[in-house]
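Counting in my numbering, the sequence shown runs from 47 upward without gaps.
Be careful, since some hints might not be right.
Beta-carbon label-pair distances, calculated as ranges [to be verified]:
1. Glu133 to Val75: 16 to 26 Å
2. Asp94 to Ala62: 24 to 34 Å
3. Asp96 to Leu66: 28 to 38 Å
4. Ala62 to Val136: 30 to 40 Å
5. Leu66 to Asp94: 11 to 21 Å
6. Val136 to Ser65: 15 to 25 Å
7. Glu133 to Asp94: 11 to 21 Å
8. Gly71 to Asp94: 30 to 40 Å
9. Glu68 to Val98: 29 to 39 Å
10. Leu116 to Ile63: 12 to 22 Å
11. Glu90 to Ala62: 20 to 30 Å
I should point out that these hints are in silico values taken from the structure, not numbers from a laboratory. All values derive from a computational prediction rather than experimental measurement. Even for Gly, the Cβ is constructed at its ideal location relative to N, Cα and C.
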Amino acid sequence: MLTTHRDCKHHVKRNAIPSLGEIEGRVAVLEIVAQSALTHVFDEGEVDIDAVLLSQIRRAMHRKCTELKLDGEDVASALSYAEELIEAAVRASHPTHQ
Numbered sequence: 047m048l049t050t051h052r053d054c055k056h057h058v059k060r061n062a063i064p065s066l067g068e069i070e071g072r073v074a075v076l077e078i079v080a081q082s083a084l085t086h087v088f089d090e091g092e093v094d095i096d097a098v099l100l101s102q103i104r105r106a107m108h109r110k111c112t113e114l115k116l117d118g119e120d121v122a123s124a125l126s127y128a129e130e131l132i133e134a135a136v137r138a139s140h141p142t143h144q
């Protein structure tokens, strides 16, 4: 994964293939940001907006998986993970519905 921030600097270790730790760290950050953002949106309690947002997220997930040319099993796994993340955000924003 090339990044201009890292790969275009002088006197910096250049490694086009990220380590597993780097990937895990990025995924963890994205998960936290997504969870926090979704929880904040769902806290507002506008059901129509929530439904539209969830629909847009699901369509975007399908497009991204297609773009990445993931096989069926990987697509199912990614979409399942995303649904778990969304459900956790909904539960966090409505603790009385747990």
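Verification of the supplied hints:
1. Glu133 to Val75: 16 to 26 Å: holds (20 Å)
2. Asp94 to Ala62: 24 to 34 Å: The hinted range 24 to 34 Å is violated for Asp94 and Ala62, with Cβ atoms some 45 Å apart.
3. Asp96 to Leu66: 28 to 38 Å: holds (35 Å)
4. Ala62 to Val136: 30 to 40 Å: holds (38 Å)
5. Leu66 to Asp94: 11 to 21 Å: Roughly 41 Å apart at Cβ, these two residues miss the hinted range, so it is violated.
6. Val136 to Ser65: 15 to 25 Å: This hint is violated: roughly 33 Å between Cβ atoms.
7. Glu133 to Asp94: 11 to 21 Å: This hint holds: roughly 19 Å between Cβ atoms.
8. Gly71 to Asp94: 30 to 40 Å: Holds, since Gly71 and Asp94 (Cβ atoms, about 36 Å apart) stay within the stated range.
9. Glu68 to Val98: 29 to 39 Å: holds (34 Å)
10. Leu116 to Ile63: 12 to 22 Å: holds (19 Å)
11. Glu90 to Ala62: 20 to 30 Å: violated (41 Å)
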